[in-house]
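Student: The chain contents come next:
2 protein chains.
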Amino acid sequence: MSLHRPKGEMAEKCPIRDVLDRLGDRWTVLIIYELENGTLRFSELRKQIGDISQRMLAQTLRTLEQDGLVNRKVYPTVPPRVEYSLTELGVSLLGPLNQMIAWAADNHEQVRAARAAYVPPPQQVAL
Amino acid sequence: MSLHRPKGEMAEKCPIRDVLDRLGDRWTVLIIYELENGTLRFSELRKQIGDISQRMLAQTLRTLEQDGLVNRKVYPTVPPRVEYSLTELGVSLLGPLNQMIAWAADNHEQVRAARAAYVPPPQQVAL
DNA sequence: CGGCATCCCTTTGGATACTG
DNA sequence: CAGTATCCAAAGGGATGCCG
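Taken in sequence, the protein lines are chains A and B.
Residue numbering for the first sequence follows the UniProt record's numbering, beginning at 1 and increasing consecutively.
Residue numbering for the second sequence follows the UniProt record's numbering, beginning at 1 and increasing consecutively.
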């Protein structure tokens, strides 16, 4: 399996990278993680995450819906009520995702220690 | 385990998100993936990935080095030779990472199909 | 060869205001 | 409540040039 773009094709992206890039944005993983335990409505998601703007929450949820990872259900009441939940495909992502999260939880101390210990190289090694 | 920022703390990020955010950038995963099979020098990495600029390769490798995921070894020859390889910590990331990649490989067809099938909600009824 | 510095365009995303 | 539209600032990242 190769993740780099086919040599000659400048217009087409590697499809795997295409999917990975989406997961790599600032909010996607966080939203999926919050939906792990079930359905949440828009305002509940916003409150849970805390530091996401209304704009980015709406936008990211749209993308997740487009990609088939999240279901959106609208109740035509006043005021409106919109509920979000993971699709089957979205649920299937939880396994790999939680592995990554677990790794980050297990190793962030070590990463922070490495950063603190890091000294930028002198740029040239004296002979 | 919680990924959202502590309610009162606006300055401090969740440390897990801090690590996850790094992995989420455009090139980090790709570089780690390329180093899975062993040491590569700068120009070899560049060639393998294909569409990464010299600037971003150098910059991302620096960050990986700072975070303790990649080793950098300089040979003081002329011209210089610099080799990169995964640290033990970097290797420990391969498990979770390959799970994510495998998921993307297994499901990108379904994601593309969902995108193609998606019709944006009416939102407004035309008068 | 392996970078770093600079310039500059593109993308991202927050704040705010408005609407069904 | 759940968005959308607009504006604008900050970050991302390519191209180029220079240098050990």
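Worth double-checking, as some hints may not be accurate.
Claimed, not checked - Calculated pairs, DSBU-like style, for lysine-lysine (alpha carbon to alpha carbon, straight line, at most 35 Å):
#1 B:Lys73 <-> A:Lys13
#2 B:Lys13 <-> A:Lys13
#3 B:Lys73 <-> B:Lys47
#4 A:Lys13 <-> B:Lys47
#5 B:Lys13 <-> A:Lys73
Bear in mind the hints are in silico, worked out from the structure with no lab data behind them.
Student: Are there hints from earlier that the structure breaks, and if so, what are their numbers?
Tutor: none
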